[in-house]
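Engineer: Chains as they are written, first to last, in the working numbering: chain B, 1 to 149; chain D, 1 to 149; chain W, 1 to 450; chain U, 1 to 450.
Just so you know, the hints here were simulated from the structure itself, not pulled from any lab data. Hints are not guaranteed to be accurate.
Derived lysine-lysine pairs resembling BS3-like cross-links, with alpha carbons at most 25 Å apart [as the list claims (entries may be wrong)]: (1) 121(D) / 4(U); (2) 7(B) / 18(D); (3) 249(U) / 425(W); (4) 249(U) / 115(D); (5) 249(U) / 325(W).
Spelled out from the first residue to the last, the chains are:
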Amino acid sequence: MENINKKAISELAELLEKHQLKEIEYEMSDIRIRVVAKGPEVIPPGPAVLPPAPAPIPEPVSVVSTAPIATKENQVKSPMVGVVYLSSDPNSPNFVNVGDMVGPGQTLCLIEAMKTFNPVKAEKAGKIKQILVESGTPVEFNEPLFILE
Amino acid sequence: MENINKKAISELAELLEKHQLKEIEYEMSDIRIRVVAKGPEVIPPGPAVLPPAPAPIPEPVSVVSTAPIATKENQVKSPMVGVVYLSSDPNSPNFVNVGDMVGPGQTLCLIEAMKTFNPVKAEKAGKIKQILVESGTPVEFNEPLFILE
Amino acid sequence: MFEKVLIANRGEIALRIHRACKEMGIKTVAIHSTADADAMHVRLADEAVCVGPAPARDSYLNKAAIISAALITGADAIHPGYGFLSENADFAEMVEAHGLTFIGPTPKMIRTMGDKVTAKATAIAAGLPVVPGSDGDVRTVDAAKIVAEKIGYPVIIKAAAGGGGKGMKVANNETELVEAFNLAKIEAKTAFGNDMVYIEKYLQTPRHIEVQVLADNYGTVVCLGERDCSLQRKHQKVLEESPSPALNKSQREHIMEVVRKAMEKIGYSNLGTIEFLYENGEFYFLEMNTRLQVEHPITEMVTGIDIVREQIRVASGAPLGYTQKDVRIEGHAIECRINAENPETFIPCPGKIGCWHTPGGLWVRVDSAMYSGYRVPPHYDSMVAKLIVFGRTRNAALMRLRRALEEFVIEGVETTIPLHQRIIKDFDFIDGQYNIHWLEKFLERNKVKS
Amino acid sequence: MFEKVLIANRGEIALRIHRACKEMGIKTVAIHSTADADAMHVRLADEAVCVGPAPARDSYLNKAAIISAALITGADAIHPGYGFLSENADFAEMVEAHGLTFIGPTPKMIRTMGDKVTAKATAIAAGLPVVPGSDGDVRTVDAAKIVAEKIGYPVIIKAAAGGGGKGMKVANNETELVEAFNLAKIEAKTAFGNDMVYIEKYLQTPRHIEVQVLADNYGTVVCLGERDCSLQRKHQKVLEESPSPALNKSQREHIMEVVRKAMEKIGYSNLGTIEFLYENGEFYFLEMNTRLQVEHPITEMVTGIDIVREQIRVASGAPLGYTQKDVRIEGHAIECRINAENPETFIPCPGKIGCWHTPGGLWVRVDSAMYSGYRVPPHYDSMVAKLIVFGRTRNAALMRLRRALEEFVIEGVETTIPLHQRIIKDFDFIDGQYNIHWLEKFLERNKVKS
């Protein structure tokens with residue numbers, strides 16, 4: 001076995017403290033490190049012994065990332081299942097483009113569901129930072145459409 | 001099995017203390033180490049419902065501990081399945097009694113198995129601290145019979 | 001045959017339908033609420049679409065969202081499962097209007113059988129035995145008195161649009177009738193927005209026995225035997241068995257033939273269940289469920305017929321390919337509904353499943369969407385598993401059930417496993433001597449004891 | 001009937017026997033080594049006795065300790081399962097000498113069938129077809145040459161006391177024969193302490209087809225159809241199915257009747273399996289297993305007979321109560337042996353099971369003693385589960401197997417699930433076109449590809 005990668009653990013531990021996390025699990029092709037903060041024990045109301053078993057299909061592991069995570073408040077999500085359209089028809093310009101400033105009530109896109117077109121409007125003012133969907137593609141309920149800032 | 005990589009465990013334990021962690025788990029291609037901080041044991045409230053069956057309850061987690069290990073060395077265990085007899089016949093006195101000093105090779109009891117009587121002898125000198133079985137009762141392999149001190 | 005089926009349901013039945021589809025080479029689309037993103041039916045399906053927030057009315061009952069999900073995923077057909085939209089004729093019509101197949105009977109049939117009054121009239125016309133009662137709805141107290149006098153007390157007043165015990169009142173004599181009639185009308189109005197009520201003879205210790213039917217689109221109908229679902233608590237079935245310990249072979253064959261002919265007569269297609277009350281050797285039509293039922297597995301075990309597969313097959317237009325004489329009912333099957341509830345108080349206990357270990361071995365079947373670490377959401381019903389056992393005889397099935405319940409381990413939430421263990425130890429149950437009131441009395445008895 | 005049965009085994013088969021006992025109202029005694037204190041069979045049994053340390057020779061093969069365990073717990077009978085002491089005639093005799101019942105055939109029958117030479121002679125006398133070969137052992141190279149000339153090359157030389165491929169050599173001509181004969185004698189001497197060898201015609205692409213028999217102590221014998229166990233790797237069965245895709249109805253009925261009559265003739269009692277090689281429409285007796293087999297569940301699924309229950313019942317002196325004409329073979333069953341091994345290299349992978357989630361639903365059976373958090377000990381064999389599916393047709397069973405394998409979740413150890421998934425996708429396998437060499441070639445092909 002190679003030497004313990006102390007630097008990695010220290011870094012993870014620092015990250016743990018810095019980010020006030022409870023645990024970090026770090027896994028790569030041939031290495032996996034998991035550090036857990038000591039913090040006060042939260043007593044679950046369940047049975048005395050909880051099995052260490054993960055779910056049948058492991059959920060995607062949340063990874064500590066340096067990339068700024070979009071906060072949920074900035075996302076505009078689809079209010080329904082349907083097909084999203086960024087413009088009123090293929091020959092028209094998009095309702096909004098990246099960089100546009102939008103105001104409350106302004107139409108951002110349309111969702112076609114059951115042969116009706118439903119406008120999705122901005123709830124508050126902001127600047128379009130990112131458009132997450134392509135025109136004409138299906139979206140599900142709660143699917144992020146835009147990021148505002 | 002190869003030697004225990006004590007250095008790795010020590011390093012992990014030091015890191016654990018240094019960073020005030022609760023546990024570190026470290027895994028590589030052919031080795032996986034998990035160290036857990038000793039911390040005060042919080043006893044969770046008992047389960048609301050005890051499973052009706054002898055449940056597949058997860059094994060107790062092995063913890064790296066400096067505490068003296070349970071006194072297994074002092075136990076004399078049954079070398080076979082059978083019925084234990086503390087004396088050679090019901091009218092004779094016991095081979096040994098609590099408080100007796102015994103020497104290596106001294107007969108402590110008999111185990112009857114397949115109609116033969118097999119003496120169980122002391123492996124080393126000591127004092128009989130406790131007799132854990134009653135004469136005439138069945139014992140299984142490895143069942144503690146006496147505690148020496 | 002369909003290429004892709006959207007499963008408009010959740011939990012174990014969504015998984016059951018998914019399994020049938022996979023075994024037929026059909027792709028599956030799961031729908032789910034935001035609360036069910038981690039659910040087993042979502043994890044296993046080929047595609048999944050979130051159709052709304054946690055409350056069922058906005059997700060699993062959201063017709064437009066579900067049909068949109070089918071359209072955007074290119075599904076050919078929608079299987080509604082049980083509950084939710086499974087008996088919603090408007091939904092079935094919408095599905096068809098969008099060029100998709102609704103896996104169930106026609107919207108018209110759903111509508112006819114969904115209304116108690118038209119259902120009863122249809123049953124009578126088709127030759128099914130019914131409880132003596134009023135001809136349709138009863139509008140006045142005086143009319144009610146005349147009907148009650150004719151059929152004899154006790155009588156029960158029921159809401160025409162009702163279900164689930166709401167708007168139901170029993171009267172043992174004329175004095176009670178007046179109050180019961182008025183109360184029933186008020187409750188019916190409140191619960192269903194419709195104060196139409198009707199009157200029936202009240203059966204005192206009936207069993208609940210239901211007959212499973214399966215029909216193709218070409219007039220071939222088969223009856224797949226009966227299920228005894230008399231063990232109920234607050235009108236919820238708890239444990240079911242097939243065959244019923246109350247029927248002998250000739251009674252069974254008789255009612256199956258009556259039902260089969262009735263279904264032929266009304267032109268029923270796809271899967272359905274005729275529920276009867278059974279007392280003193282007589283069957284009385286209760287209602288028809290125009291959908292797959294929770295307890296269908298016990299029928300699968302005794303007939304060897306994969307009911308969900310057959311349902312999908314006939315919905316796609318395939319002929320049944322066999323007739324009543326090819327159906328063989330053998331052995332005995334019992335199903336226990338295991339709910340995440342306190343087994344004494346029946347208070348639901350949603351929460352995180354700790355260890356989940358199901359019993360295995362010969363003729364033990366578990367239908368469940370649970371897994372270790374899954375969090376049972378509080379928004380939906382509390383059933384976490386169906387444990388189904390088969391045996392060559394009823395006693396063999398009971399012995400197997402006993403050992404299987406002992407092997408079942410569910411940690412983290414309370415379940416009704418201990419209730420089932422108590423029930424199957426009871427001599428009345430062992431002897432098959434029970435009716436629809438038995439379980440409530442059994443629970444009362446056990447409460448007094450403890 | 002027995003009051004209490006000691007189960008002299010571990011793992012899934014100990015659990016299988018425990019289940020049969022509990023379903024018959026019989027108490028169970030588990031035995032275990034120190035390594036198995038947490039094993040499922042120990043947890044579920046009514047009583048458990050530790051009989052020795054981890055190595056099997058000191059625990060599960062420790063005759064005296066096991067009999068002592070039966071005596072101190074007051075068991076009436078011992079079920080040996082498969083492997084370990086199940087075909088040890090001395091053990092069976094010891095069990096009987098202590099006034100207990102050995103759940104299996106008589107010690108004499110075990111001894112006769114345990115020796116390849118006497119087994120073959122017995123088979124011939126009973127009318128079972130055998131591979132042409134030497135009359136008993138062959139002592140000199142010259143004698144070997146005469147035999148080989150008579151039956152025709154290729155021939156195979158086998159150790160009389162052997163098994164597991166040791167002491168077996170193939171010769172394609174006289175030159176090869178001389179070397180093969182001498183090598184086989186040396187290997188036989190080394191492996192079994194006995195250099196007696198015999199010679200047989202070497203079949204080139206046979207299938208392994210075995211016939212299940214069940215007999216009571218009063219001369220009634222029934223045949224429960226056949227199992228095709230041709231998918232083997234290093235003489236270990238990997239996947240079995242019943243019926244064999246290679247036989248038609250008349251071939252099946254013919255071999256069943258031949259076997260049934262042979263068992264009647266030799267006075268066989270309890271459970272047994274006659275293994276045949278099958279090539280070009282001919283059966284050749286290979287050996288008889290005088291015990292329950294790993295793959296018995298597929299026979300249970302197609303016959304509807306609980307084999308372990310029947311085995312216990314006849315051992316207790318009960319008559320079978322039915323005859324061959326009552327046995328009905330219907331549908332198709334497949335079993336996958338799931339081992340804790342790397343699915344490419346087959347290196348065993350003992351360790352701690354993380355999540356253990358078994359597939360459920362219609363006609364899916366899992367026989368396993370694993371659970372989440374269990375540590376697979378390194379001392380014993382690597383099989384962690386048997387997945388058995390049933391279908392009305394072979395194709396239905398295959399489709400069900402495919403979806404069940406997809407649902408099976410075993411974390412923490414590598415398993416052969418991916419191997420089974422590859423096998424059942426292969427067109428040869430789907431067509432039923434395989435023999436005892438097929439799997440090794442399939443593995444070789446796949447290795448080359450990757």
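Engineer: For every hint, state whether the structure bears it out.
Structural biologist: Results for each hint:
For the given pair, residue 121(D) sits about 34 Å from residue 4(U) by alpha-carbon distance, which is inconsistent with the 25 Å threshold. With a CA separation close to 13 Å, the supplied pair residue 7(B) and residue 18(D) stays within the 25 Å bound. Restraint check for residue 249(U) and residue 425(W): the C-alpha separation of about 45 Å exceeds 25 Å, so the hint is violated. Taking the CA atoms of residue 249(U) and residue 115(D), the gap is near 55 Å; set against the 25 Å cutoff, the hint is violated.
A hinted pair counts as satisfied when its Cα atoms are at most 25 Å apart, and residue 249(U) with residue 325(W) qualifies at roughly 24 Å.
Violated hints for the displayed structure, listed by number in ascending order: 1, 3, 4.
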